[in-house]
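A.B. asks: Chains as they are written, first to last, in my numbering: chain A, 679 to 953; chain B, -19 to 289; chain C, 85 to 342.
FYI, nobody ran anything at the bench for these hints, they're computed from the structure. Ideal Cβ positions, reconstructed from N, Cα and C, are used throughout, including at glycine.
For the chain C half of the interface with chain A, some residues (derived, Cβ under 7 Å), not all of them: (1) F115; (2) I118; (3) S125; (4) V126; (5) T129; (6) S139; (7) L146; (8) L147; (9) V155; (10) L158; (11) V159; (12) L256; (13) L257; (14) I260; (15) F264.
FRET-style restraints, in silico, Cβ to Cβ: (16) A:S916 - C:G301: 24 to 34 Å; (17) A:L846 - B:D36: 44 to 54 Å; (18) A:S788 - B:D36: 37 to 47 Å; (19) A:V822 - C:A329: 43 to 53 Å; (20) B:V147 - C:W107: 31 to 41 Å.
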Amino acid sequence: MSISAPRYGAAPVAKTGRIHRALTIAHREFNRRSGVGTVAVVTLTYLAITLVLTINTSFASLTGTVTLATFETPYSSPAWPFLMLIVATSVGAGGLAEDVGNRSITLYLSRPIRLIDYLAAKSAATGTWLVIAAVGPGLAGLAVVLVLGWAPSSLVLTGAGAFVATGLLACIFFTGLALALSSLTTRALYAGVAIFGVVLSLEIGAPLVSGITGNTSVAYASPINDLLSVAQSAFGISGPYATDPATSAVVLALSGVFFAVFAGWRMSRVEVVGE
Amino acid sequence: MTGIVDADSVTKRYGEVLGLNGFSATFPPGITGLVGPNGAGKSTLFRLLAGQLRCDAGTLTLLGFPAWGQGEFRRRVGYCPEHASLFDWMTGADFVTTLLRVDGFPRAEAQERALRAIETVGLTEARDRRLKAYSKGMRQRIKLAQCIAHDPQLILLDEPLNGVDPVGRAHLSALLRQLSATGHHLIVSSHVLYEVERLTDQIVMIAHGQAIAQGDLHRIRDLIDSRPHMVDLETPDPRGVAKLLGAWDHVVSIEFTGPGKLRVLTRSPEAFYAALPALVVTEKLDVRSVHSADDNLDAVFRYLAGGGR
Amino acid sequence: MTGEWTRLVAVTWLSLRSSLRGWRLAGLSAFALIPTLIVVSVASTHPAASTLSNSAEALFGLLTLPIVTMVIVLVLSVGQFRNEIDNETLLYLSDRSITRPMIVVGKYLGSLAAALVLVIPAALLPLAVASWGGGNGYPAVVPLTVAAAAALAAIAYGGFFLFLGLVSRAALLIGILYGFLWEELVPLLPGSAPRLTLVFYLRNFLSTELTTGPLSGYPAPLTATASILVPIALAAVFVVLGSLAFRYLETAPERESA
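Please put together the full structure from these sequences, using the hints given.
C.D. replies: What follows is the structure, given as structure tokens:
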């Protein structure tokens, strides 16, 4: 049994602002997703893209034909957006699902934190990993090219801009998609499988329908197709994708934003039912 | 060892953490309380008994069978876990019936037993409601229903009164005593001594993964009462207060433990707490804080372990 | 034996019911409808009858089998043990008088039944829509073979993913990498490498049974019987391995310390 008289005297503690609190959540979430699986996949991405880029550029430099299009090689294959898909699943599938499933979201939202700050933090954490995986490898490869003098710095700079633009677009889309699907379930398993299922179904179905019906608008529904179209355009290459790169970019960006808004709407309706 | 449950030097590790550390005890027939503070190893022991975990060392048997294993003997054991979730999408009746079917009971008999068990725990009206809609107390009771429905010989109850309201506690305690009276053996874990005291006199005390006492509750309690109780007080005038308290017969010693602080050892904490308020009022003492330094199980275990912890 | 049979039926029925309920059922059903929706959208443009029929048939090999079936079986099978261990509901089964191998078999059968409820309509509905929507009718061998291939996929992948969910916390990632990477890329390798995938045997079965049409062009070095038996045998192996693993598996969640 304890009886203690209350003590007053400490000065009020200055509270930190919204940004600081959101960054705290983002930092924690980023670390939480830094598991062996994520690191392995991101490392694989770096190895694949950097190797392809540097090898391809080295051959081109031998014949003196290094152009902007030379750097595009790793982004010309569906393997790149597929790797982004794996990274998005690894870091984003559990972003919202796990917090609702284990009810830790009640701990967050019982603090003076707004839902939008919470979602922004989750987006930042997922997006940071995706930026690392989507933009980093290309920049790493270009750094090697620059150091070894295989291309002029102006060309390398332009290539870096292309990698950044394409990578950020991929980041926006996959972050939004991962959060949206994660908000629909309490299990990371289901969200992860849904991310794959949705993207691959669109990847197969959209071009098929577009090809048979002759309606090219349907082809924009394939995010992988859109990303490759944008990547080609960013590096100054035209064709073979039937979609207009600018429209593809808009579709990807707006889709990412739409998914993020959807996730916000879903989370605002979540009720955590305890025992 | 010839108890209902026999544990001999049972050790269980969770990585570097020892859940049980050479735990040895014999649980006799009837109701036995397993008492210990949070983190003592009670749930670990129950999980070992339920076959969820495997001993890293030592032997653990229940009803003569090794704890780690499946088989018909499991029909003679019922387990009511502490934290477990339920199949929230099922109704209460469905939940108990399904688990009886998993135990091998034919459908008609399973349904009949389920209804009887649900009636026993007082959930008849809620039996067709989904478990998702159950309150905490109702969830505890339906867990109890599933563990007694197959009429087991040994019932393991891990914190069965946790989260149950006072009326429900009284009802469940009466039920547990009734189960014992009808020949069932119960092992009930709790970290609240008085809760177990109402159920049984036989206890096993566990702390830091080891059994530190077992046997009759009153004998153990006497052991505790033979040691003076510590009470810490804070006052701006410790010497003045000490002079007054020292006049009481049951006060064994008074120690000044710091500026404005004193520690009183008393043989009779009930008398001390009864008389202190009157003293404070009469003598107009300025006592800022009163804290019982050893009115907890940790202190009990410290005494029982010879003060080594 | 009656008791054992009752236990097996109880666990199978429990697994089936827990698999097909609520939002999971809604989500998987919606996903299973994707091939049908694609065929509907193609049919709405009134293409040539042969184009419609061939597209619907080709869709099975391009989408329904490698993606839709894979997703459905992955979700239903991996979660059988993984979800229950995390939820702490597995203890209600493991502390009963049913043996652990029987629990594994029951969960496999339950998840398989649930998968079949979804994958067979996913395989057959596009063909039905194509037929009704103006395409050429299919000889009976086509829907029968397609349904059998879908069932075979559920049997084979179900065994593997169930085992994966039992032994690994990273079952999702491994399942995705296996299902969408290994099964897609290894068949492209030369030599005997494709035989290391399950999809090889499924495609072999399709080609041996369907001598014409878009699904007849896959490599088919094996007989139809062999292409059926290998996936079934592999499923059985994984169920047995799962039973052995579960006999020694501790089922308390790792987060609990004492």
